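A.B. asks: If you use UniProt numbering, the sequence shown corresponds to residues 1 to 384, in order.
Hints in this document: simulated from the structure, not taken from any laboratory.
Some hints here could point you the wrong way.
Straight-line distance between alpha carbons at most 30 Å, and here's what the computed DSBU-like set of lysine-lysine pairs gives [stated by the list, open to error]:
id, residue 1, residue 2
1, 334, 206
2, 63, 52
3, 154, 245
4, 239, 52
5, 206, 245
Here are the computed distance ranges between Cβ atoms for each label pair [what the hints assert, rightly or not]:
id, residue 1, residue 2, range
6, 149, 234, 44 to 52 Å
7, 64, 300, 35 to 43 Å
8, 66, 242, 42 to 50 Å
9, 347, 237, 31 to 39 Å
10, 60, 98, 31 to 39 Å
11, 18, 112, 27 to 35 Å
Since the model is a prediction, treat every value here as computed from it, not as a measurement.
Backbone N, C-alpha and C define an ideal beta-carbon position, used for all residues, glycine too.
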Amino acid sequence: MDLYEHQARELFAHHGVAVPEAEVAATAREAREAAHRLGADDRGVVVKAQVKTGGRGKAGGVKRAADAAAAEITARQILGMDIKGHTVHTVMLAQPVDVEREFYVSYVLDRAAGRFTAIASAEGGMEIEEVAARRPEAVVRVPVDPAEGVTEAKAAEIAAAAGLPEDVAPVLRRLWRVLVDEDALLVEVNPLVRTREGAVLALDGKVTLDDNARFRQARWGEEHDTAGLDPLEAEAAAKGLGYVKLDGEVGVIGNGAGLVMSTLDVVAGCGARPANFLDIGGGASAQVMADGLALVLGDPAVKSVLVNVFGGITACDAVAEGIVRALDQVRLTKPLVVRLDGNNAALGRAVLDAHPHPLLDQRTTMDGAARRAAELAASAAVVA
1 MDLYEHQARE LFAHHGVAVP EAEVAATARE AREAAHRLGA DDRGVVVKAQ VKTGGRGKAG
61 GVKRAADAAA AEITARQILG MDIKGHTVHT VMLAQPVDVE REFYVSYVLD RAAGRFTAIA
121 SAEGGMEIEE VAARRPEAVV RVPVDPAEGV TEAKAAEIAA AAGLPEDVAP VLRRLWRVLV
181 DEDALLVEVN PLVRTREGAV LALDGKVTLD DNARFRQARW GEEHDTAGLD PLEAEAAAKG
241 LGYVKLDGEV GVIGNGAGLV MSTLDVVAGC GARPANFLDI GGGASAQVMA DGLALVLGDP
301 AVKSVLVNVF GGITACDAVA EGIVRALDQV RLTKPLVVRL DGNNAALGRA VLDAHPHPLL
361 DQRTTMDGAA RRAAELAASA AVVA
């Protein structure tokens with residue numbers, strides 16, 4: 001789960017990382033009032049689009065306003081903008097800072113190595129990607145053992161390797177606490193700055209939380225919203241389904257993340273593009289299957305749907321009952337290919353045979369089912 005910048009800053013402040021005073025506004029009028037409270041009439045204010053993507057500055061989503069009246073006009077210009085497919089629903093107004101130097105720091109999970117990596121540079125800011133491309137030696141990567149964490153010695157090592165001032169090291173330790181205590185997969189600050197007064201502040205922040213840790217992070221519910229999600233992803237989240245929208249034409253449903261990932265690969269190997277990732281889980285009920293199928297069929301980009309289930313905890317007859325229930329609730333206008341194997345597979349196939357549908361096609365192997373779904377999607381695309 002990605003956080004908005006203002007949410008990330010709240011976490012930073014909670015863990016002792018200094019941030020400029022700021023407020024969030026959903027309307028231009030609210031922006032003017034917030035700017036006034038922040039003292040914009042004396043020193044101006046920065047108006048920043050709140051979207052879960054980078055590149056806001058270059059897209060015109062971050063602007064300086066001279067006073068509260070100008071902040072209202074600027075907010076009106078930014079609200080409603082489309083930035084890389086994300087619509088701006090709120091803006092954050094922050095007190096401006098007299099910056100002396102800009103840095104880049106982050107912690108990110110390295111799944112392959114089973115550890116975290118600290119990434120840092122003494123040249124942060126909007127051009128960090130160009131710095132990394134032109135002079136990769138200016139961006140250092142330091143492995144962090146999760147069991148050891150970022151101790152004083154490790155923080156000093158990271159700072160020294162990146163050429164960061166010594167007074168940045170304590171901030172590195174606090175950012176590590178954000179990552180650990182909040183169950184984050186990514187914590188990034190760009191830029192982390194030193195002001196002309198000598199303070200070290202986080203001017204921007206990006207945090208990705210681990211959804212698997214939601215059960216022990218009760219307050220996430222207060223911070224989570226679906227405004228930045230694709231509508232289908234938001235609907236899936238409301239139903240507790242593990243759904244990710246992709247850019248293809250074959251809808252994919254399976255039970256278990258590993259099986260779904262394998263199915264995506266097989267579909268791609270058949271010359272088609274998966275339209276989504278949807279895992280109905282290891283113990284999915286018929287209702288879950290019905291909800292998942294209705295969700296995938298609701299995607300206008302989908303030309304065919306492939307249901308690939310290996311029965312274990314989830315019995316295939318329950319999956320078949322879910323498909324039948326979904327077909328009672330949703331008018332099937334796209335080809336549906338079903339492969340059932342494992343626990344009660346024969347019974348599941350019998351359930352589907354007892355409820356025939358002209359657009360439903362059963363196959364006994366994953367390769368055969370994927371190949372058929374790809375063919376049907378291609379045929380539908382030609383007809384369209």
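A.B. asks: Is it true that the C-beta distance of residue 18 to residue 112 lies inside 27 to 35 Å, as the hint says?
C.D. replies: Cβ of residue 18 to Cβ of residue 112: about 34 Å, so the range 27 to 35 Å holds.
A.B. asks: Within 42 to 50 Å or not, the Cβ separation of residue 66 and residue 242?
C.D. replies: holds (47 Å)
A.B. asks: Can you confirm whether the C-alpha distance between residue 334 and residue 206 stays at or below 30 Å?
C.D. replies: violated (40 Å)
A.B. asks: So the hint says 31 to 39 Å: do the beta-carbon atoms of residue 60 and residue 98 match that?
C.D. replies: At roughly 23 Å between Cβ atoms, residue 98 and residue 60 fall outside 31 to 39 Å, so the hint is violated.
A.B. asks: Within a Cα-Cα threshold of 30 Å, do residue 154 and residue 245 meet the stated pairing?
C.D. replies: violated (39 Å)
A.B. asks: In this structure, is the beta-carbon distance linking residue 64 and residue 300 contained in 35 to 43 Å?
C.D. replies: For residue 64 and residue 300 the Cβ distance comes to about 41 Å; the hint holds.
A.B. asks: Sort out whether residue 245 lies within 30 Å of residue 206, counting only the CA atoms.
C.D. replies: holds (22 Å)
A.B. asks: Take the C-beta atom of residue 347 and the C-beta atom of residue 237, compute their distance, and say whether it sits inside 31 to 39 Å.
C.D. replies: holds (32 Å)
A.B. asks: Assess, step by step, whether the Cα of residue 239 is no farther than 30 Å from the Cα of residue 52, and give holds or violated.
C.D. replies: holds (22 Å)
A.B. asks: Holds or violated: the 44 to 52 Å window for the beta-carbon distance between residue 149 and residue 234?
C.D. replies: Given a distance of about 35 Å, which is not inside 44 to 52 Å, the answer is violated.
A.B. asks: Does residue 52 lie within 30 Å of residue 63 when you go C-alpha to C-alpha?
C.D. replies: Holds, at about 17 Å.
In this structure, the earlier hints numbered 1, 3, 6 and 10 are contradicted, and the remaining ones agree with it.
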